[in-house]
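Peer 1: What follows is the residue order along each chain.
Protein chains: 2
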Amino acid sequence: MALQNSRVSKLFDIKYPVIQGGMVWCSGWRLASAVSNNGGLGLLGAGSMHPEVLSEHVTKMQQATDKPWGVNVPLLYPEIDRLMDIVVKKGVRIVFTSAGSPGKWTSFLKNQGITVAHVVSNSRFAKKCEEAGVDAVVAEGFEAGGHNGREETTTMTLIPLIKNSTSLPVIAAGGIATGSQFAAAMALGAEGVQIGSLFALSQESSAHEAFKSYCLKAVEGDTFLSLKQLAPVRLLRNKFFDLVREAEQRGASADEMRALLGKGRAKKGMFEGELDEGELEIGQVVALIDEIKPVARIFEELLADYAVAVSRL
Amino acid sequence: MALQNSRVSKLFDIKYPVIQGGMVWCSGWRLASAVSNNGGLGLLGAGSMHPEVLSEHVTKMQQATDKPWGVNVPLLYPEIDRLMDIVVKKGVRIVFTSAGSPGKWTSFLKNQGITVAHVVSNSRFAKKCEEAGVDAVVAEGFEAGGHNGREETTTMTLIPLIKNSTSLPVIAAGGIATGSQFAAAMALGAEGVQIGSLFALSQESSAHEAFKSYCLKAVEGDTFLSLKQLAPVRLLRNKFFDLVREAEQRGASADEMRALLGKGRAKKGMFEGELDEGELEIGQVVALIDEIKPVARIFEELLADYAVAVSRL
Numbered sequence: 001m002a003l004q005n006s007r008v009s010k011l012f013d014i015k016y017p018v019i020q021g022g023m024v025w026c027s028g029w030r031l032a033s034a035v036s037n038n039g040g041l042g043l044l045g046a047g048s049m050h051p052e053v054l055s056e057h058v059t060k061m062q063q064a065t066d067k068p069w070g071v072n073v074p075l076l077y078p079e080i081d082r083l084m085d086i087v088v089k090k091g092v093r094i095v096f097t098s099a100g101s102p103g104k105w106t107s108f109l110k111n112q113g114i115t116v117a118h119v120v121s122n123s124r125f126a127k128k129c130e131e132a133g134v135d136a137v138v139a140e141g142f143e144a145g146g147h148n149g150r151e152e153t154t155t156m157t158l159i160p161l162i163k164n165s166t167s168l169p170v171i172a173a174g175g176i177a178t179g180s181q182f183a184a185a186m187a188l189g190a191e192g193v194q195i196g197s198l199f200a201l202s203q204e205s206s207a208h209e210a211f212k213s214y215c216l217k218a219v220e221g222d223t224f225l226s227l228k229q230l231a232p233v234r235l236l237r238n239k240f241f242d243l244v245r246e247a248e249q250r251g252a253s254a255d256e257m258r259a260l261l262g263k264g265r266a267k268k269g270m271f272e273g274e275l276d277e278g279e280l281e282i283g284q285v286v287a288l289i290d291e292i293k294p295v296a297r298i299f300e301e302l303l304a305d306y307a308v309a310v311s312r313l
Numbered sequence: 001m002a003l004q005n006s007r008v009s010k011l012f013d014i015k016y017p018v019i020q021g022g023m024v025w026c027s028g029w030r031l032a033s034a035v036s037n038n039g040g041l042g043l044l045g046a047g048s049m050h051p052e053v054l055s056e057h058v059t060k061m062q063q064a065t066d067k068p069w070g071v072n073v074p075l076l077y078p079e080i081d082r083l084m085d086i087v088v089k090k091g092v093r094i095v096f097t098s099a100g101s102p103g104k105w106t107s108f109l110k111n112q113g114i115t116v117a118h119v120v121s122n123s124r125f126a127k128k129c130e131e132a133g134v135d136a137v138v139a140e141g142f143e144a145g146g147h148n149g150r151e152e153t154t155t156m157t158l159i160p161l162i163k164n165s166t167s168l169p170v171i172a173a174g175g176i177a178t179g180s181q182f183a184a185a186m187a188l189g190a191e192g193v194q195i196g197s198l199f200a201l202s203q204e205s206s207a208h209e210a211f212k213s214y215c216l217k218a219v220e221g222d223t224f225l226s227l228k229q230l231a232p233v234r235l236l237r238n239k240f241f242d243l244v245r246e247a248e249q250r251g252a253s254a255d256e257m258r259a260l261l262g263k264g265r266a267k268k269g270m271f272e273g274e275l276d277e278g279e280l281e282i283g284q285v286v287a288l289i290d291e292i293k294p295v296a297r298i299f300e301e302l303l304a305d306y307a308v309a310v311s312r313l
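Chains as they are written, first to last, in our numbering: chain H, 1 to 313; chain Z, 1 to 313.
One should not assume that every hint holds.
Identical copies carry no separate label here, and so any pair may be met within one copy or between two of them.
To be verified - Subject to a maximum C-alpha distance of 25 Å in a straight line, what follows is the list of computed BS3-like cross-link-like pairs (lysine-lysine):
1. LYS15 to LYS163
2. LYS217 to LYS128
3. LYS163 to LYS293
4. LYS239 to LYS228
5. LYS228 to LYS263
6. LYS10 to LYS90
7. LYS110 to LYS89
8. LYS67 to LYS110
9. LYS217 to LYS127
10. LYS293 to LYS15
No lab work stands behind these hints: they were computed from the structure.
Okay, chain H solo, but in the shape it has when bound (with noise of 0.2 Å):
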């Protein structure tokens, strides 16, 4: 099948199933109006924005394209409401949510006429999508990068898991750099792919040049989900890493942990470039990344690969 008429590309009126993750501190307009203008789906992360910087962000993306695009709202936003105040004043007419359950949020913004995605990890997340009105899911598998499942469910497994589980369409996320494994996802049952590490990665992301260099040294086994007593992250292996594994071995309390991470660490590793001190979130899939590319260029890559994947089949 053509990726245009999958339902994920039809939903979101795009040309190619290919959503960029909304992931904090690096997507931002640029990124995420470079994804749009490509012939994928852009989302802004308002995970790591305050509520104005979001109605910057909107203002800005609005002018530099006009093919669809959404927000990622994280659901444990502290000010929640301010935040979906603006995605409804503004204008925007596709979100995706996550971390959170979808029951709260979505018949709000069905109201208003915007197309909703949640991101789940597991099957009975996938059930309440259904139910709760959601028009897609992202299953998202172990080896994404950042905030993850507690079930530690690969993409490979969690994608027919949950096709048998709803009749949305699925959008595979975790694992996904490449052509092969954007086909790989496709094969499994999903109807478009969320791409993250890769577009982290890219010219147009609003990450520290620091940590993007960083990255691309790491290779196999450099990342690992961690912090699994407050809330599963995947993170990247360096100074402040060792010291999570360190406590997590000896097997430190909930509240040693709390310390230990204090706050904004993400920003610190990824916005702000300190490699030791800063929380580094990528996924698996950060060891087939070995160059910092404009996203022109990781679509025309992308397409292409995924046409040789497809043909060896």
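Position chain Z relative to chain H; hints supplied.
Peer 2: Positioned in the frame of chain H, the structure of chain Z alone reads:
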């Protein structure tokens, strides 16, 4: 490409590039011959057999099929010299080695004209395989049951990494129990798949019926990579598993873990059906398996679903 034309099919002279993992306590001559007679490659699991027992199974295997088949040999096997002697003397043509370095035994086996595949979980070992003269590598992801790599790399990420590191044919393992997962593995660049859990829970598997029935009830999040301080192994939740988790969470020492594990736990759980005290090894895909089927039906369904998955692309 037709499955018959993959390099893995040609290497082993089999119809479908579907290898049955040589799992401990599951993989006697009944299972392995059924797989070979249905067009795949059956493997006797020598890891749980005394040398004399293996010898018997080889004889029965030779009577039960005229199709190609092999033996899986974990290289940590205590009496490995005797085992290899039997393999050679009884005319075994294919050996899969695992749990060790491919350096030592590959040339011995190759000198006897035996085809050799080796199981790896990272690209460093895939390169070693190529240097050692191995004919194909099995790349096993984090989601696989039983013993597993330390890097926790999932199949989705691992296959492209392994493909980048070697020109050998790659057999994907971990996360494969349906035709869509088979197709996904091939899209990733694998040229064959090794299937464990699905065959461990087949009618012909020598695992205890109580173990099989218990596995059918498993859902998402019921297996975890455990005993990481010793050798990481994916286990299914049961009473023993709970003790392991509790010990891990309080930061128990490696010695404590060794004492807790004791000896013969896998036999107890999987072969003797002691569901509380035994170690139950199975992959994440257990959540997708809800019926004990004969191998013939497993092949029918796998191939039909594979065709459906490919036609979606």
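Peer 1: When no copy is specified for LYS217 and LYS127, does a C-alpha distance of 25 Å or less occur within a copy, between copies, both, or neither?
Peer 2: The answer is between: 19 Å across copies meets 25 Å, while 39 Å in one copy does not.
Peer 1: How would you classify LYS228 and LYS263 at a CA-CA limit of 25 Å: within, between, both, or neither?
Peer 2: Within one copy only: 17 Å inside, 30 Å across.
Peer 1: Within, between, both or neither: how does the pair LYS10, LYS90 come out at a Cα-Cα threshold of 25 Å?
Peer 2: Result: close within a single copy only, 23 Å intra versus 60 Å inter.
Peer 1: Up to 25 Å between alpha-carbons, please classify LYS163 paired with LYS293: within, between, both or neither.
Peer 2: For LYS163 and LYS293, only the inter-copy Cα distance (22 Å) is at most 25 Å; the intra-copy one is 33 Å.
Peer 1: Is it within, between, both, or neither for LYS110 and LYS89, if the alpha carbons may be no more than 25 Å apart?
Peer 2: within (14 Å within a copy, 71 Å between copies)
Peer 1: Are the CA atoms of LYS239 and LYS228 at most 25 Å apart within a copy, between copies, both, or neither?
Peer 2: both (18 Å within a copy, 22 Å between copies)
Peer 1: State whether the alpha carbon distance between LYS217 and LYS128 is at most 25 Å within one copy, between copies, both, or neither.
Peer 2: between (40 Å within a copy, 22 Å between copies)
Peer 1: Pop the pair LYS67 and LYS110 into one bin, within, between, both or neither, using alpha-carbon distances up to 25 Å.
Peer 2: within (20 Å within a copy, 59 Å between copies)
Peer 1: My question is about LYS293 and LYS15: at a cut-off of 25 Å on alpha-carbon distance, are they close within one copy, between copies, both, or neither?
Peer 2: within (21 Å within a copy, 42 Å between copies)
Peer 1: How would you label the pair LYS15, LYS163 (within, between, both, or neither) given a Cα cut-off of 25 Å?
Peer 2: Answer is within; shortest intra-copy Cα gap is 23 Å, inter-copy 30 Å.
Of the hints listed earlier, there is not a single one the structure fails to meet.
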